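Put together the whole structure using the sequences plus the hints.
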Amino acid sequence: MEKYRNILVIKLKHIGDVLVATPVLTALKEAYPESRLTVLLDMGTEEMVTLNPAVDEVMVLDRAEGAPLFSRLFRQAIFAMKLRRRNFDLVLELSAGDRGAFLGFVTGAKVRIGFEPHNRTFLGRHHLFSRLVKISTTTQHMVDYNLALVRALGIEATDKRLAIFWSEEDSRACIKLLSEKGLGEGDPYVVLHPTSRWLFKTWNSRGYALLCDYITEKYKLPVVVTSAPDEKEKKRVREILSLANSHPIDLSGMLSLKQLAYCISRSILFIGVDSAPMHISAAVNTPVIVLFGPSGDHMWGPWGNGHIVIKKGWACQPCGRDGCNGSKVSQCLEAITPEEVYRAIDEKLAGR
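For the sequence shown, this note's numbering assigns the number 95 to the initial residue and increments by one for each residue that follows.
Hints were generated in silico from the structure; no laboratory data involved.
This one's a predicted model, so the numbers in the text were calculated from it and none came from an experiment.
Every residue, glycine too, gets a C-beta built ideally from N, C-alpha and C.
It cannot be assumed that every hint is accurate.
In silico SDA-like pairs for lysine to any residue, Cα to Cα no more than 20 Å straight-line [stated by the list, open to error]:
no.	residue 1	residue 2
1	K328	V423
2	K123	L277
3	K329	G276
4	K107	D391
5	K107	K329
Each pair of labels, with its calculated beta carbon distance range [stated by the list, open to error]:
no.	residue 1	residue 2	range
6	L293	N399	25 to 31 Å
7	P162	R415	49 to 55 Å
8	V423	D156	31 to 37 Å
9	E151	V423	39 to 45 Å
10	R255	E279	21 to 27 Å
11	R437	K275	52 to 58 Å
12	V227	R266	31 to 37 Å
13	Q425	G138	41 to 47 Å
14	G280	R178	14 to 20 Å
Written out as structure tokens, the structure reads:
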């Protein structure tokens, strides 16, 4: 097996996509322990790999989307030259997009491996890579999909776990917040993360409120409700809290991603939808109950065993659409009843 000394992994995607790619980093470091492993990510996703012992450096691409066109092009040219000077000898491009393909190409690395596109792309990817890997997106989880590029190097991953790491400062900050809300370090609780950056992936507020009441009344457990700092997500949480008869603990918008990971790791159950926190829960071995609608659970469901996926299984699923007929509301999610989720909760909390 050829040895590589300076490796670049490119993943220009969303937060959850980056976390799902972490087994690639583990496998590369195990195969090439003396190598320097650099990861190139979009700004805002870097918390998924910082502090990971497999990673030597994290490079962040600032797309400067609000800047004028000339400014954006100038910045990206400077960034491309910076990549070129790094003398990478191996590039794995996991993003399957034109931008990542171009940045991998400009590194000048002798070996550049990416995915063969399922449809035509603007740049013609075969000119930008030394090797393209063809793989079906319909038969396997994204963890295995990503690892196909590692297998192309003759490496079989022995550890496919998702990995996220946090500092003592992160855990202390979360402990302080929970303590201020009346939860001690040993107190059990359930995390409810009802939102997603895409509202068509979310369930209705009334249903979430009923779940909070059910858990509190039947199991005498506090429910900690979390969300991203985005105002539309916090607004959804406020609506849920206003509908609940119980008194869920509101941490919406208060936690960084690493603090959220610690918070979920301490919980006994996570309930949510297809989102980055769902993948974080799987990474920290917290049991997951997840409601799936337009996205495909076979590719994006919680990785590992012991989780419960609730979906209607309609013929139109997964459609990947922005709600039914562009409505931002997915009827396949709306059709899930609170009773279906109650049964999953009972299965996970039985005996408490």
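Structure-based check of all given hints:
Restraint check for K328 and V423: the C-alpha separation of about 18 Å stays at or below 20 Å, so the hint holds. A C-alpha spacing of about 39 Å is found between K123 and L277, which places the hinted pair above 20 Å, so the restraint is violated. For the suggested pair K329 and G276, the alpha carbons sit about 23 Å apart, so the restraint of at most 20 Å is broken. At most 20 Å may separate the alpha-carbon atoms for a hinted pair to count; K107 and D391 meet this at roughly 18 Å.
Of the supplied pair hints, the one linking K107 and K329 is violated, its CA atoms being roughly 26 Å apart against a limit of 20 Å. Separation of L293 from N399 is about 30 Å and conforms to the stated range, judged on CB atoms against 25 to 31 Å. In this structure the hint that P162 and R415 lie 49 to 55 Å apart at CB is violated, the actual value being about 33 Å. A beta carbon spacing of about 34 Å between V423 and D156 agrees with the range 31 to 37 Å that was offered as a hint.
Between E151 and V423, the C-beta spacing of about 42 Å keeps the proposed range 39 to 45 Å intact. Roughly 25 Å separates the CB atoms of R255 and E279, a value that falls within the hinted 21 to 27 Å. Evaluation of the 52 to 58 Å hint for R437 and K275 yields a failure: the beta carbon distance comes to about 29 Å. About 43 Å separates the C-beta atoms of V227 and R266, a value inconsistent with the hinted range of 31 to 37 Å.
Taking the beta carbon of each, Q425 and G138 are about 31 Å apart, not inside 41 to 47 Å as hinted. A hinted range of 14 to 20 Å for the beta carbons of G280 and R178 is inconsistent with their spacing of about 53 Å.
Going through the hint list in order, the structure does not satisfy hints 2, 3, 5, 7, 11, 12, 13, 14.
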